[in-house]
Structures are given as C-alpha cells and as structure tokens.
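**Student:** So the sequence lines, in the order shown, correspond to chains A and B.
Under my numbering, the residues of the first sequence are numbered 5 to 444, in order.
Under my numbering, the residues of the second sequence are numbered 27 to 316, in order.
Worth flagging that the hints you see were computed from the coordinates, not collected in a lab.
Do not rely on the hints blindly, as some may be mistaken.
[Claimed, not checked] Partial list, computed: chain A residues near chain B (C-beta under 7 Å):
| hint | residue |
| --- | --- |
| 1 | I58 |
| 2 | P61 |
| 3 | A74 |
| 4 | L440 |
[Claimed, not checked] In silico SDA-like cross-links for lysine to any residue, where the CA-CA straight-line distance does not exceed 20 Å:
| hint | chain 1 | residue 1 | chain 2 | residue 2 |
| --- | --- | --- | --- | --- |
| 5 | A | K197 | A | G235 |
| 6 | A | K307 | A | K441 |
| 7 | A | K177 | B | Y67 |
| 8 | A | K441 | B | F72 |
| 9 | A | K172 | A | E200 |
| 10 | A | K177 | B | I228 |
| 11 | A | K57 | A | R357 |
| 12 | A | K441 | B | A84 |
| 13 | A | K307 | A | L379 |
| 14 | A | K57 | A | E273 |
| 15 | A | K441 | B | R91 |
| 16 | B | K148 | B | S125 |
| 17 | B | K148 | A | G306 |
| 18 | A | K172 | A | K57 |
| 19 | A | K177 | A | E273 |
| 20 | A | K172 | A | G306 |
| 21 | A | K177 | B | T224 |
| 22 | A | K441 | B | V181 |
| 23 | A | K197 | B | V181 |
| 24 | A | K441 | B | Y83 |
| 25 | A | K441 | B | V257 |
| 26 | A | K177 | A | R357 |
| 27 | A | K441 | B | P90 |
| 28 | A | K177 | A | G194 |
| 29 | A | K172 | A | I310 |
| 30 | A | K441 | A | L379 |
| 31 | A | K172 | A | G301 |
| 32 | A | K307 | A | A317 |
| 33 | A | K307 | A | D320 |
| 34 | A | K441 | B | M88 |
| 35 | A | K177 | A | E92 |
| 36 | A | K172 | A | G154 |
| 37 | A | K441 | B | D81 |
| 38 | A | K177 | A | G154 |
| 39 | A | K197 | A | E92 |
| 40 | A | K197 | A | L180 |
By construction, the Cβ of each residue, glycine as well, lies at the ideal position given by its N, Cα and C atoms.
Here's the letter readout for the chains.
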Amino acid sequence: MAAARTRITSQPGHHAVILIRIVLVLGCLLAAAGCSDRSTGSAAVTLVFKHAKILGPSDPVPRLLREFEARNPGVRVRSESLPWSSDEQHQFYVVNLEGGNAGVDVLMLDVIWVPEFAQAGWLLDLTPFLAPGELTPHFPAAIEPATRNGRVWALPWFMNVGLLYYRKDLLDKYGLRPPETYAELVRQVGRIKSGERDPALDGFLWQGKQYEGMVVNVLEGLWANGTRVLGESGTVFPEPDRAEEVLAFLRALIESGVSPPWVTAADEELTRRGFQDGRAIFLRNWPYAMDLFGQPGSAVRGKVGIASLPRHARGDRGVGSTGGAHLGVYRGTRHPEAAAALVRFLAGDAAERVMTAGAALTPSRMALYHDPELLRDHPSFPAISALAMVARPRPVAPYYLMLSTVLQPEFSAVLVGIKTPGQAVAQARYQLDHLLKAIR
Amino acid sequence: MTRRQRADRRTGLLFLAPALVMLGCVTVYPAVWVFWLSLQYRIPIFGIARFAGLDHYAFLAMDPRFLNAARVTLVFTGASVALELALGLLAALLLRRQSAGRQAALSLLLLPWALPSVVTAKLFEWLYHPSAGLVNYLLAGRSLNWLGDPHLALVSVILADVWRTMPFVALLCYARLLSIAPELYEAAQVDGAGALATFGRITLPLLRPVLLIALLFRTLDALRAFDIMFVLTGGGPANTTENVTVYAYRSLFQTLQLGLGAAIGVVVFAIVMLVAWGYLTVLRREGVAR
C-alpha cells in the first residue's frame, strides 16, 4: 500500500493514466444510464400514480392498472403509495408540488384538497378531455368540490358520508327507534345502559382526536344545530352561541359518561373496532364500516342499523358530511392525454364496480348503489345512497385546510376540558380573521 | 502601523475572506431573507405576495396560540434544563466516586446522547404507551394516558428530553472533576471539612464555569427544541406541547403561510440571541469566556 503510493507520487505519468481510467469508467456509466433512460422513454409512456393504501378484503388497484395497460399499448403505470395519515399525504403533496419536483402524473386526492390544488395551479384542467355529461352519474355532492369556475379539476372516485350506526338488537329490546335528536340519543343510552348493567358497554362513539376527522364531527354538529363555520359573507362562526352549544354538548357527552374519555384520542378505526367488538350502542362513522361489521367473526354481525345523524335543538335535521377521494392530473405531467385517460378509466363505471366489489369503499357513481349484483354483498347501499343524496360537503374553499388546522387544536382543547367553548370559539375566530385577511 | 503590518493585515483578511463569504452566504443572507419574508403576506398557493409591514408581529402579540406556544417553550426550557443540570451533576459525582466499571458506566451514559432524537422520541412513544408501555407497568399497572392527557403530555416530553441530554451535562462535569487537584481535597480533609462543606466550597465553585457553559448550551438547544415534541406528540393534545418552533414549522410547511412562519422564526431567533447575549455577559464577567 505504502509502496504503491510512493510509486504513484514519484511517477507523474501515472496520474494521467489513472485520470484517463476514471474518465473512461465514468463515461461508460453515464452512457449506460443514458441508454437505459432512452430505452424506457421510447418504448413506453410511464405514468406514476400516487395513491393511499386501499383498505378492505383485497386491493383491486394493481389488477385495474394492468387492464389499463393492456388497453393502452405503450403506456405503463407505476403505482406508488402515499404516507398513512391524510395530514401527511397533504404535506407530501404540498411540499413536492410547490417545489416543482412532483415525480407524479396522476394523484389520488382527498376531496377537500381539490379546490386548494386547483387554485395553486397544480392540477390539469380536465374539461377538454371529458365527454358531455360524463360527470352526471356521480353524486352532486361529489361533483361540487371537483369543479371550480366552470372547469373540472378532478373526477370523483369514492364517496363518503357521515352516518349513525346503531345496535338494532339493543334498540329493539327496549322498544326504541333510532334517535332523531341528540337529546333522544342521550336518553336512549341512559335507558339501555341502566337496563344492560354492563360496565364494558359504551354509549356513543365518535372521533375526537386532534385531526381532520374530528373537525368533520364538529361541523356535522354545527349543521345539526342550524349553523356553520363560515357564513354567507365569509364571517367566521356567524352564530357563535350555536357553535358553543355544540362544543359544550360534545364535552358533556364525555363528562356524563355517554361517551368514554378515550374518544378524545380516537379516529375512525379505533371507534370502528370498539363498536365491532360489541362495546358500544351508537357510532358515528363512514359507510366503509358497514362491510366490516357484516364480516364473519364480527361480534355485531346482523345487529347493526344505519340512520341519519341526529339533529340538535335548533336545527331542522341531522346532516352527514361528505368525504371521499378524487383523481386528478398533475399540471406539469409530460403525458397529459395518457394521464387523463387513466383518470377517466379509474373513475369509470367498470373500474368503480371492481373497486366496490373488492375493497371496503363506497363508489361515487349513484347507479352502483342500486345494482342488483353489488346489492347482494352490500344490502345497506340504498340506505347509504339516500343519506349521501342529502349530505353536505365541508366548506368548498381553497383555504379549507388552513381553516381546519386552526380549528383542530381549539376544538380539541374543549373536548379535553382545558378551554371553555366560548374561549375556543373566540380564539379560533381571532386566528381565522387574520388568515382570511391575508387571503382576500 | 508600518507598511509590513499593513501588508500582514491585508494577507490576513485575504485568508479570512473565504470564511467570511461562507458565513455571509449561509447565515447572514438567509437571516436577512427570513426577516424580509416576515414583513409580507406570502402564501404561494394563492399567489399572494404583498407587503404586510409589522402585521404578523402585531398579530402574534395577541395570538393565543403563539402565547400558548411561548408558555410551552418557557416551561419546557426551564424544567428540562434545571433537571438536566441537577441530574447531570449528580451522575458526574457518582461516576467520579465509582471505582469499578467506570468505562462501562461511561459508555452507558453516552448511549442516550448518541441516539438521534427522532429515535429517542419513537422509543419513548412505546415506553409511554397507555396499556403496553413500560412506564405504566413500572407504576404498578396504572393506566396513565401519558401522551394523550393534556396535563401529562408536556411532563412526558420533558422527561424524554432530560433522559436524552443529561449525559451531555454529566460528561462536561465529569471532565472538570477529573482535573481538580487531589491536594485540594486532602487539604480540606486536614482542615476537618465534612462532605457537604467540601462539595459546597471546593467542588461546586470549581465546577461553576463548566456548569455555566452547560447551561448556555442546553438553554439555547431547549429553546429551539423541535424533533422531540414533533415526533412524540405532534404538539397535541390541544396544542399543550406545541412550542414556538413547532408552530413555526406548521405555519411554514403545513399551511404554507410563509410570512407568518417567518415572523415566528424571527421571534425565536430574537429570543435565542437575547438569552445567549445575557449568558455571555455573565460568563465574561466570570472570566470564563473572553
């Protein structure tokens, strides 16, 4: 080793030889890389499809993508998964799309992001690619967030609606009907719990963790009390007293034992499991839970009913929030036609049917809810469809995510009992006013 | 100044120039840029870029979320630094007295300091788990909701941070202890000083400069702490563990409010500079730093 070094340093000619070798090796490597690049580039158009993990008994996405490739020779689709939580997915998109280094052609989007991404200029306008009336088979509440200024920025894929699950067997046993008001729900919980004398049986489960899902729960409460978070003219909490009533009610659910204390850290899955183990009477959740309740081995198989969410004293009726996923195309894509074709294929009738049959998801196309073949496995579809027809989207605004991130800690503070509803509403208002002042 | 001296000076500046240019590029330029950003409404998603003046600072002065974050920062810094100094000093004293297995003890002590803080946070996430965690198991099976209870979450974060950074203080103190001349202790013994008097009149005064330096480093680190709370609690529940750096991060990267985020960053910077200046004044008076 030492000898070699002295020889090299003593004979300058060796430097040149080594340098030439290095250049040659590097040149070969570069050439090889260039060749492989060109070979994939010319032989096929490669699309990158980013999507969240698909829950349910099977994941039909790979099969659908292969089918798309077979129908479109020369196009290959690589699917890449997104981080687990919705907040992380959003952050991933924001950082990468804003940085201009997206590495993605087709995006699975939470419905609440579509207006924001369209406003930011990250989505390709899909209007020219669509046939007339192509959107009409989808639920109106799924189309509204996908369109902006008369242009279509994404196609609906899945549709979600907040609803009330109840234990049919327990309600029947005490001669009760699904509650129409929250006061009635509280009375029914008291009645059943005192009758059952089961300390492990909880009353009403919902999502109270500091995250987007909790904001959905509170928004549904606001609508059920005849108010909302943004008024006509953009005022924040137009009727603060009604908003405070809703927050006070949610806190009271925990304090009075109608809901267990752990709902303040609960998301959809945690509450779904509690209910599925037979440990609760009522549950607020999305439709996907129904398929799982009906599975063999579920403690509540055949004992679950679906109803509209109840209303509060000052509201006309209970309303579920919509949710779900849309498909969009990145504006900077090199293959707009192929990407738009993939989106139209995945949001089409055949693909949505396959997705519905394989995964625990509810489609955005209305006709599928009355399809005899799907009804066999999903007997609750007509009921879900009726609720989805009257459901409401969360505020359709590009700044919705900012609004929600301000609301999350304030609402959470009320639920865990360290702020009064009045404080939380006032402090959320203060922050949102500053935010909206910057945007408008 | 002679001509020779001037020439020396010029050469010196020439040699310094690369360092100065580097520092200018990587610290002064970004700092000025962040300050400029903090004077604007800047939200790229909405294509908003207009001058805001001191609007963001005026907003922060009244913003309950910022005031809460500032309170969390102060409590976190005060409690964790105090505990770290006390425990670190104790560990160093014990280590000094230990005769056997000192090498092993030193290595063990270094382990938490060597772990990346994200790993520490993940580790503690499991330790604090309400039903499966070691902490509750050691507390005789109590089911305390460490990270989910608004009254316990900050305590949990502080304890995790103390575990991680106490070795730093311990090592500094231990190194100083090794260099105290044994004659001093012998003299104290001859004079009939007890253990307490020896500690109070010899050990502590001699450790004082080292403790002050440890205090400076730890305070500045704790004021800017980020990863431990971000991974362990994400600032929740109900923002009870959200300090100013986490707030700044959320404004910058989650909602892309670059102006507001920059303003928070500037405030953190100002506080850290103020504290550093205060400490350095004290240290200078002590004759430790010159």
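**Student:** Give a verdict on every hint.
**Tutor:** Now the hints, each set against the structure:
1. Hint status for A/I58 relative to chain B: violated, with the closest Cβ pair at about 25 Å, above 7 Å.
2. Given the 7 Å rule on beta carbons, the hint for A/P61 is violated: about 28 Å separates it from the nearest Cβ of chain B.
3. Against a cut-off of 7 Å between C-beta atoms, the interface hint on A/A74 is violated, since the closest Cβ of chain B lies about 38 Å away.
4. Residue-level restraint check for A/L440 is violated (minimum Cβ-Cβ distance to chain B is 11 Å; threshold 7 Å).
5. The straight-line distance between the Cα atoms of A/K197 and A/G235 is roughly 39 Å, outside the 20 Å bound, and the hint therefore fails.
6. Between A/K307 and A/K441 the CA atoms are separated by roughly 50 Å; this puts the pair beyond 20 Å, and the hint is violated.
7. Using a Cα cut-off of 20 Å, the hinted pair A/K177 and B/Y67 is violated, with the two alpha carbons roughly 60 Å apart.
8. This hinted pair checks out: A/K441 and B/F72 have alpha carbons roughly 13 Å apart, not beyond 20 Å.
9. A C-alpha spacing of about 15 Å is found between A/K172 and A/E200, which places the hinted pair at or below 20 Å, so the restraint holds.
10. Proximity of A/K177 to B/I228 is assessed by CA-CA distance (about 80 Å); at most 20 Å being required, the pair is judged violated.
11. For a cut-off of 20 Å, the pair hint linking A/K57 to A/R357 stands: about 18 Å separates their Cα positions.
12. With a CA separation close to 14 Å, the supplied pair A/K441 and B/A84 stays within the 20 Å bound.
13. Distance restraint check for A/K307 and A/L379: the Cα-Cα separation of roughly 18 Å lies within the 20 Å cut-off, and the hinted pair is therefore satisfied.
14. For the hint linking A/K57 to A/E273, the alpha-carbon distance of about 14 Å falls within 20 Å, and the restraint holds.
15. In summary, the hint linking A/K441 to B/R91 is supported, as the alpha carbons are separated by about 18 Å, within the 20 Å threshold.
16. Between B/K148 and B/S125 the alpha-carbon distance is near 35 Å, which puts this suggested pair outside the 20 Å criterion.
17. For the hint linking B/K148 to A/G306, the alpha-carbon distance of about 40 Å lies beyond 20 Å, and the restraint is violated.
18. A distance of roughly 32 Å separates the Cα atoms of A/K172 and A/K57; the hinted pair therefore is violated under the 20 Å criterion.
19. Simply put, A/K177 and A/E273 have alpha-carbon atoms about 28 Å apart, too far for the 20 Å limit, and the pair is violated.
20. A hinted pair counts as satisfied when its Cα atoms are at most 20 Å apart, and A/K172 with A/G306 qualifies at roughly 9 Å.
21. A C-alpha spacing of about 78 Å is found between A/K177 and B/T224, which places the hinted pair above 20 Å, so the restraint is violated.
22. Taking the CA atoms of A/K441 and B/V181, the gap is near 37 Å; set against the 20 Å cutoff, the hint is violated.
23. With a C-alpha separation of about 36 Å, the suggested pair A/K197 and B/V181 falls outside the 20 Å cut-off, and the hint is violated.
24. At roughly 15 Å between alpha-carbon atoms, A/K441 and B/Y83 fall within 20 Å of each other, so this suggested pair holds.
25. A distance of roughly 32 Å separates the Cα atoms of A/K441 and B/V257; the hinted pair therefore is violated under the 20 Å criterion.
26. Our distance criterion of 20 Å between C-alpha atoms is broken by A/K177 and A/R357, whose separation comes to about 37 Å.
27. Our distance criterion of 20 Å between C-alpha atoms is met by A/K441 and B/P90, whose separation comes to about 18 Å.
28. Using a Cα cut-off of 20 Å, the hinted pair A/K177 and A/G194 holds, with the two alpha carbons roughly 14 Å apart.
29. Simply put, A/K172 and A/I310 have alpha-carbon atoms about 9 Å apart, close enough for the 20 Å limit, and the pair holds.
30. Between A/K441 and A/L379 the alpha-carbon distance is near 49 Å, which puts this suggested pair outside the 20 Å criterion.
31. At roughly 18 Å between alpha-carbon atoms, A/K172 and A/G301 fall within 20 Å of each other, so this suggested pair holds.
32. The suggested pairing of A/K307 with A/A317 is violated, with an alpha-carbon distance near 29 Å, which exceeds 20 Å.
33. Pair hint A/K307 plus A/D320 does not hold up; C-alpha atoms about 29 Å apart against a cutoff of 20 Å.
34. Among the hinted pairs, A/K441 with B/M88 is consistent with the structure: their alpha-carbon atoms are about 16 Å apart, no more than 20 Å.
35. Between A/K177 and A/E92 the CA atoms are separated by roughly 44 Å; this puts the pair beyond 20 Å, and the hint is violated.
36. Distance hint between A/K172 and A/G154 is unfulfilled; the C-alpha atoms sit about 44 Å from each other, more than 20 Å.
37. For the hint linking A/K441 to B/D81, the alpha-carbon distance of about 11 Å falls within 20 Å, and the restraint holds.
38. Only pairs whose Cα atoms come within 20 Å are accepted, and A/K177 paired with A/G154 is rejected, the gap being roughly 52 Å.
39. Using a Cα cut-off of 20 Å, the hinted pair A/K197 and A/E92 is violated, with the two alpha carbons roughly 39 Å apart.
40. Between A/K197 and A/L180, the direct Cα distance comes to roughly 13 Å. Compliance with the 20 Å bound is thereby established for this hinted pair.
Of the numbered hints given earlier, the model fails hints 1, 2, 3, 4, 5, 6, 7, 10, 16, 17, 18, 19, 21, 22, 23, 25, 26, 30, 32, 33, 35, 36, 38, 39; all others are met.
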